[in-house]
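For this one, chain A is given, so just place chains B, C and D on it according to the hints.
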Amino acid sequence: MTATTSKPLPQSEATPLGQQLRGLLAFLGSQEFILALGIVLLSLAVYADNPRFGAERNLLSILSNSAYIAVAALGMTVVIITGNIDISVAALLGVLGTIAGQLAVHDYPIWLAWLAPIVFGILIELFIGFLVAYLRIPAIVATLGMMSVLKGGLIFVTGGAWIYDLPKGFFLAQRQPLGIPMPIYFMFALTLLMAIWMRYSATGRAIYAVGGNREAARLSGISEKRILMTVFGINGLMVGISTILFATQFTTIQSTVPPGVELTIITAAVIGGVSILGGSGTVIGAMLGAILIRTIQSGMIFVNVSAYWLQAVQGLLILLTVLVDIFRRRRQMSAIGK
Amino acid sequence: MTTQEAPQERSNLQLSIRNAFLGQEGVLVVIMVIAVIVLSFTSENFLTVDNLLNQARLMTEVGLIALPMTYIIITGGIDLSVGSIFGFSAVMLGWLWKEQSFPLEAAILASIVIGTLSGLLNALFIVYVRVPPIIMTLATLALYRGMAYGISQARSARGYPDWFFQFGQRDFLGIPTQIWFLIVASIFAWILLARTPFGRGIYAIGNNEIGARFSGIPVNRYLLFIYVFAGFMSAVAAFLFTSRVSTTRADSGTGMELDVIAAVVLGGTSIVGGSGTIHGTLLGLVLLQLLKNGLSLSGVKGDATIVVIGVVLILSILINNYIQKRFRQ
Amino acid sequence: MQPILELNHISKKFPGVQALDDVHFDILPGEVHAIVGENGAGKSTLIKIISGVYTADEGMMHLEGQGEVQFNSPREAQQAGIATIYQELSLYRDLSVAENIFTGHLPRRRFGAVDWPMMRQQAREILHSLEIYDLDVNRKVGMLSVGNQQRVEIAKALSRNARILIMDEPTAALTESDVEQLFKIVRLLQERNVAIIYISHRLQEIFTLANRVTVLRDGQYIGTKQVAETTEGELISMMVGRTVDNLFPKLETEIGAPVLAVRNLWRKPFTLGVDLTVHAGEIVGLAGLIGSGRSELAQVIFGISPAKSGQVLIDGKRVKINHPGDAMRLGIAYVPEERGSQGLIRQMTVQENLTLAVLRSLTQGPFVDRNAEKTLAQQMIEQLRIRAYSREQIVNKLSGGNQQKVVVGKWLASRPRILIMDEPTRGIDVGAKAEIHRLMSELAMQGMAVLMISSEMPEILGMSDRIVVMREGKVAAEFSRAEATQEKVATAMMSEQNGSGDATVIPSQDPTPVSGGMSQQ
Amino acid sequence: MLKKSVVALVLVAMLLTPVLAAPLKAANDAPSRMLLGQDDLPTNPLACPGEEEAMEEPAATEEAEEVVEYNGGQPVDAPDLAGQDIRVLDLPKLIGIAYFAATTKGLNEAAEELGNMEIITDAPTEASVDDQITFIENYVTQGIDVIAFASNDPVAISPALRNALEQGVHVIGFDADSEPDAREWFVNQATFNGMAKAMVDSMVEEVGADGSVAIITSSLTAPNQNRWISEMLAYADKCYPDLNWLETVPSEEDQQLAFQRAQELVNKYGEDLDGIFAMSSVAGPGAADALTQMGVCDQTITVGISTPNQMRPFIENGCAPKVVLWNPIDLGYATAYVIRAVIDGELLPGATEVEAGRLGTLPVINGSEILLGPPTVFTQENINDFDF
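Residue numbers (numbering that gives the first Met the number 0), protein chains in the order written: chain A, 0 to 337; chain B, 0 to 328; chain C, 0 to 520; chain D, 0 to 387.
This is chain A alone, in the form it adopts within the complex:
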């Protein structure tokens, strides 16, 4: 639509206080803040009903169980920012977990068992990136196909045998330095790293550029293909790390594809405020989205929601979160007259 008359904009040399205030307001209106608020409010509500929810151990469980979803959602967010999507992540998670487990069981060094999912994750995602960037297959189609291939391939190879007798050192996610489960460290550290990287690296900014205006990015000398490869590579890295958190949590590894996990990961990213059309979204939001989903899941148990209605209530809360986000954006847009 037609733009508004160019009203003089606030002076950039505004008072520091004014700037701080504006920054604060922007922060209060951000999806991250609303999510964090949602998590806190929901937790308080559940806590009021059942104080046991507030126990340290329970909160740590929720965070710890969010970790592998959150880490995968970091990668997913980056992919979605470029306007793509990856629905093969759950299948990949299953495949990589099996690879890690098999290596560990067959007496390869533990570090190799941890490294392998990352390496294979990156390789497989780079292949997907290649299909998307160079062969111009829409990401949803490429990953739909990959999902089939990985899922079928996994069963074909393993026949679904569980992996037992893993060496003691393998269980990275079970460690609890300073009494806090390892996955929580990973989740926060990776989110922080990714947030910094997305904000402070040239590539990180270029990712937003490609998602926001593909043609413009090309004309300003950014190679879209390279960015897409990078993005899928990062996704592979994140899925790889997510796999380690996931697979080293259990004494035995179920070498199948965990059901429905791709939807949870995408939902976490979407709740986190990533625009499905590309161009905007933050990794911190994705992490909070994952935590919110787990908080909802757990909270429902604590307030005695009938097991039959668990899923419906979860669906409703997710719908609610999404709507809040939509209305928030709507308000922002109408505030500037668009």
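Hints in this document: simulated from the structure, not taken from any laboratory.
Ideal Cβ positions, reconstructed from N, Cα and C, are used throughout, including at glycine.
Warning: the hint list may mix true and false statements.
Looking from chain B toward chain C, a few residues come up when the C-beta cut is under 7 Å (computed) [claimed, not checked]: (1) 97; (2) 116; (3) 194; (4) 195; (5) 196; (6) 206; (7) 210; (8) 215; (9) 273; (10) 278.
Simulated pairs of lysine to any residue, SDA-like, Cα-Cα distance not exceeding 25 Å [unchecked claim]: (11) 324/B with 133/A; (12) 373/C with 300/B; (13) 324/B with 17/C; (14) 139/C with 89/C; (15) 300/B with 160/A; (16) 316/C with 416/C.
Chains B, C and D in isolation, oriented as in the chain A frame:
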């Protein structure tokens, strides 16, 4: 300087012949012919009337939902909640009949109405609140599935009267009954898309929604219709499915949305919107079913079959991309 | 003085089209060198070769200090000091002003980290050097006006220390005051010895701004003139290859009864109590700055954003218009401002576009009558002389002028009684422009009521029977054809509070640009 | 716009009425308001431990006394393949889980012993009855001699199986039954009430007759699990009325979810929770792993249905002191022998027992079921005797 008649007609003809061979549909036909030839050599039971009719029976439910999904994807949208609407409607059919003592006929109708309303709920939010379709239906994917579990208390309803099985398990005029549903719905959907102002509007919306709006096309009404239609067809499919398997389960249709989308996308409908055909979707549907069946009959196991399907999906788009680039500029 | 950039014998072929054929071009430091030509003349191809998007099939490019060069990517051109501002602004709506300015070459700290404070600081400095003080570098670009977005574009180009700046139709979407701002910046750059390649359809701008002008036609090099030594008429005949005798062929018509009238029409924030009447056979020119609510008024009348209160009268009868369908049934047609996004479905064929609005009347039962559709399309193609290679040609492949004819044709097919045309000739070449004007006149002759929105003063003055000026959502003034002058209309467009004297319209070359002249803006 | 929003809200409200009504409804159903997962079929609890002297035979004989007529179906015009090579489709609920890998192993073991049987294992990757139907139809078309199935839904699978019988294919069930007339015989690993008794008795031995227990089931639609839960409740009502049932939560077939659910239960109830019934081979390791990692096994233990290899570490560390299961390899093994006996005409309607290789003679119960035997309870003492 206006167009010159004669060369234009000829080039039109050439163009349409080329298009017919070079589109995704053409690629599919070629793959299908190859697949049928290979598979009929590897299994003598593959190319028999009985087997093919039976396969058609099995693909009906996905096929019915793929029709409105084609519309939705052409407009650049997507509906991830169809599998959940399917399960929800099926459960409501059984629940209303068994727990609420509705006459079965009324329960069938009511379940279809409920499926349609579920589609309407998606539609209202997508059209009027402008929630992106993928997000809205991602949320209702969980919601409707949850409703199915909650209302049925995860119990299945069984013990339907004999006449009910006419739709899913018996034949009509020598052809499985539900295939008639698919045939009628396909013809309807094809005509609607290819031959009516509505269809043209759908393409226009997919290519340029604002432009369509400015051209006086009732964009909102069309969008409302297609998501409602998806709900309706999911419910009809659920009814046929219930009749076929004689029970309703809260987990019916889990993951079905991906089968539906795969058929539509394989059929050449662009996932970013703007192009696609009903016959393409049907070809995609049939090819998927033939592969599943034919490979199984040839002794390929289920796990390997889904690998093959994944590869075919990617390859067919790849070939089509290549052809578009190489020959059509 | 040595040219900073010189192109010789440049040729570029696309499948089926010789886009450029042996073209010559050179530019001196500190010079504004305009390139003009009809759409399809090869201007875009030429600048894309300079900016590294395409590579030339033949010919050489000589850059001062680097000798023979050949750019294989936009990046290489940028590194050589060539920056381009494209017609469609290439900005990232979700990123801040500072980031947009520095995309692709963010200031770094150790470990390659983006140095945000430095980036903001430098962005401010660049903006200040352009005498822009009112832009917050932290704002998201998507929230800026078009004029400000363009300033960001220029700052972006300068942040790369560009020696050569290419501007492709920079004023196409600007308000008059923004245009003035832009010109100021261009002159500033000139003083700094930046060479500017300037492309515009508005010849008047070229005469205001440029030192030299190069004319292209059908991919051929026609000639280069010193602006001071040429006239608009000469340039137009060079561009068209013939003399365009009448750019504003206004015919005297019989003004009939009022057909469309709106009374106290409201829809916030742009339509604040509008009264307007259009008579049969009359062309009403609707003038005003961008943002004054002209297009919005048209969209209210057409039902895209229906009125909240007030009346719309057709033939004196009160009607309710809630969506475009209602308006169409009442015989209203609207040729929208944005051809690409609003007017056309670009991926569809000429025929499909021509019949899109009337398809529901071309049915037999529920089905589209394909023969009727074909006949109608053929008829429109002939009537409007649309140059398409086939009815089945994809509209996107047509030139701008022909695309616009398709939009007009689409609406004429609906046999309207009231035709609203929003910027009917924006961005199209002179020949097509004259044709559209002729058509408009003919339609009025036949008794159609025409409401024409335009930002081009000569068009408003040349084509209108009556001129209505809008300002801030209201009708500010009204002039008959006889009493209208450029000064009067322009004064009415600027409000007292807003019009700070110098920020008015572009000074005109020709003080009396009324009908029949060669003047063109 | 506003009007439309209102319409939307009304619609949501309509759709949600049941959700809003649900907690109220659940509250009325007290005291077992959170305890879900039962089906609505009649239960038949076995005798309590103290009264056991009266019964020497395993649980099932009680029913075998009231002789039920053969109620299975028969293939139409099945070719006589007595003594010939046959091809058998092994169609478990899904492939990719250890339990069914073990039944398949048993089938193949027996097939090797018998020498004239080829086993083809093929099934969906997710427990979907719709996919199972597709597999049945494909293999009937392809021409298979016998279908050995474990159904995902007893009703839904039946039309396809009846069709197979009509095509002259032999149909034998194992692990999870269909409707009786849709197959010839069903190899029952353990009666539902027998399993229920073993589970509850094991739990009571660990937590006492007045302990508090919760259930982690697989999916709320899983027929076997629902049957077991019904029988467990009935048996507990009869024998341990003081056992305090807290709630049932679903975990699908997802190890991670079971893990998370167990954590939630422990966090929710603390030391008020004495035991968790883990109702599937996936829930068992998930729950036991959670208890182990939380370090609460001195307070809360799990009794699960699972395979020894999956549970070995947890049996050893005391978090899952008792694991109840039949031997799935034996189940597959017995199924193969039943198939052979049917083909060779040795197992005809009305028979009361069947010879099953190393397992000896197995009894026929309920008209057309062959009972593998009582469930095995794996403990620290006997765990090392098993490897599957």
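- Query: Against which earlier hints does the structure fall short, listed by number upward?
  - Reply: Failing hints, ascending: 1, 2, 10, 12.
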